[in-house]
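Trainee: Sequence:
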Amino acid sequence: MSSETLTQSGREAVTRARRVIVKVGTALLTGNTARVNQRFIKRLCNSVGELWKQGRETAIVTSGAIGAGCGVLGYKERPKSLSERQACAAAGQVELMKFYSNAFAHLKPQRAVGQLLLTRDTLTTRRRYLNARNTMMTLLGRGAVPIINENDTVSVEEIRFGDNDNLSALVAGIAEADLLVILTDVKGLMDSDPRSNPNAKLISTVERMTPEIEAMATPSPGTSLGTGGMVSKLQSARVAMASGFGLVLVAGHDPEILLDVAAGKPVGTYFVPKAERIGARKHWLAFTALPKGAIAVDPGARDALTGSGKSLLPSGIIDVLGQFKANDLVSLVCEGREFARGLANFSSTETSAVRGKKTAQLKAILGATTTNEAVHRDNLVLF
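Residues 2 to 384, numbered by the working numbering, are exactly what the sequence shown covers, in order.
Calculated directly from the structure, the hints in this document are not laboratory data.
Model, not experiment: these values are computed from the prediction.
Some hints here could point you the wrong way.
[As the list claims (entries may be wrong)] DSSO-like, lysine-lysine: derived pairs with alpha carbons at most 30 Å apart: (1) K99 to K77; (2) K188 to K266; (3) K283 to K358; (4) K54 to K99.
Starting from the given sequences, assemble the full structure and let the hints guide the process.
Mentor: Rendered as structure tokens:
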């Protein structure tokens with residue numbers, strides 16, 4: 002591809018990606034049947050192997066455990082009860098890893114694989130988050146392919162709502178990836194639903210996540226075996242863009258499309274990341290950890306935080322919502338809208354006691370304290 006073509010497609014950064022996360026969904030893995038398509042997995046692994054040969058460390062976030070388990074346990078369609086879906090997930094994980102392991106073992110050179118089963122609860126705990134990160138980094142450093150999935154056997158929320166699109170964005174942040182590729186069963190983001198409008202057009206590049214872009218998402222529950230839809234994919238794109246890594250949403254029926262993506266060809270939809278990448282710790286604060294409460298501030302405090310890079314002082318606080326301890330993650334809201342998250346230096350009780358107070362008054366209220374800031378700028382992430 003010529004440099005002129007790359008410039009026109011705006012994907013120069015994609016060609017330089019050295020760490021890639023590939024997410025593949027149930028519809029592609031099973032072809033909307035109750036069996037995993039082993040031929041598809043072999044082709045996917047071949048393409049991932051080629052990315053490794055190009056010097057791109059690549060991991061896979063895979064769906065399909067429940068779909069695979071349906072076939073193993075004899076279900077003709079996705080079961081409705083939670084216990085049955087969890088049983089399918091347990092059986093399907095074994096099936097999936099067998100297929101991935103065999104496929105990578107037949108490549109030249111062979112590649113080992115390592116399985117990571119994650120839950121949102123796991124990642125919200127900082128220590129477990131770091132353990133998952135260290136495991137992933139070690140596997141990549143050893144030339145092995147991490148195969149990551151939501152632990153559907155215990156994660157009730159995942160089974161109800163489908164979160165592997167969002168999981169892939171969190172994994173990309175954990176791994177400090179340069180690029181996330183979501184393989185799906187549509188060309189990319191379309192300007193209307195292609196199922197009802199045969200003239201729907203592909204949106205090649207998204208530079209900002211606007212309400213108009215979000216309105217293009219089809220609120221679909223997915224297939225009978227999968228659970229994802231375009232809404233969750235745009236949620237992933239929002240995380241990727243804000244975090245500073247690119248995301249390409251592309252049809253994955255032919256997994257060799259991964260090589261076109263890596264070459265910077267204008268396939269699918271490219272979501273352009275912001276210029277400055279946030280660090281792994283702030284990514285965890287912004288997108289992985291769950292706030293324990295909220296602090297409402299006045300517009301002056303919000304502007305000082307967002308425009309001047311200041312810490313949050315008690316004088317700007319107008320209300321405290323929920324119960325939290327010192328060092329818990331909290332949302333910062335102004336006029337009903339969340340604009341930041343950060344680690345609270347005071348408990349909710351202490352924060353309530355000092356809200357609206359000047360710095361000189363803090364000692365009389367709290368006694369000896371090592372800080373005057375309710376949230377320090379170093380522990381703060383702006384949205």
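Trainee: Each hint should be assessed against the structure and marked as holding or not.
Mentor: Structure-based check of each hint:
As the CA atoms of K99 and K77 are separated by approximately 22 Å, the hinted pair is consistent with the 30 Å bound. At roughly 14 Å between alpha-carbon atoms, K188 and K266 fall within 30 Å of each other, so this suggested pair holds. With a C-alpha separation of about 28 Å, the suggested pair K283 and K358 falls inside the 30 Å cut-off, and the hint holds. Proximity of K54 to K99 is assessed by CA-CA distance (about 23 Å); at most 30 Å being required, the pair is judged to hold.
No hint from the list above goes unmet by this structure.
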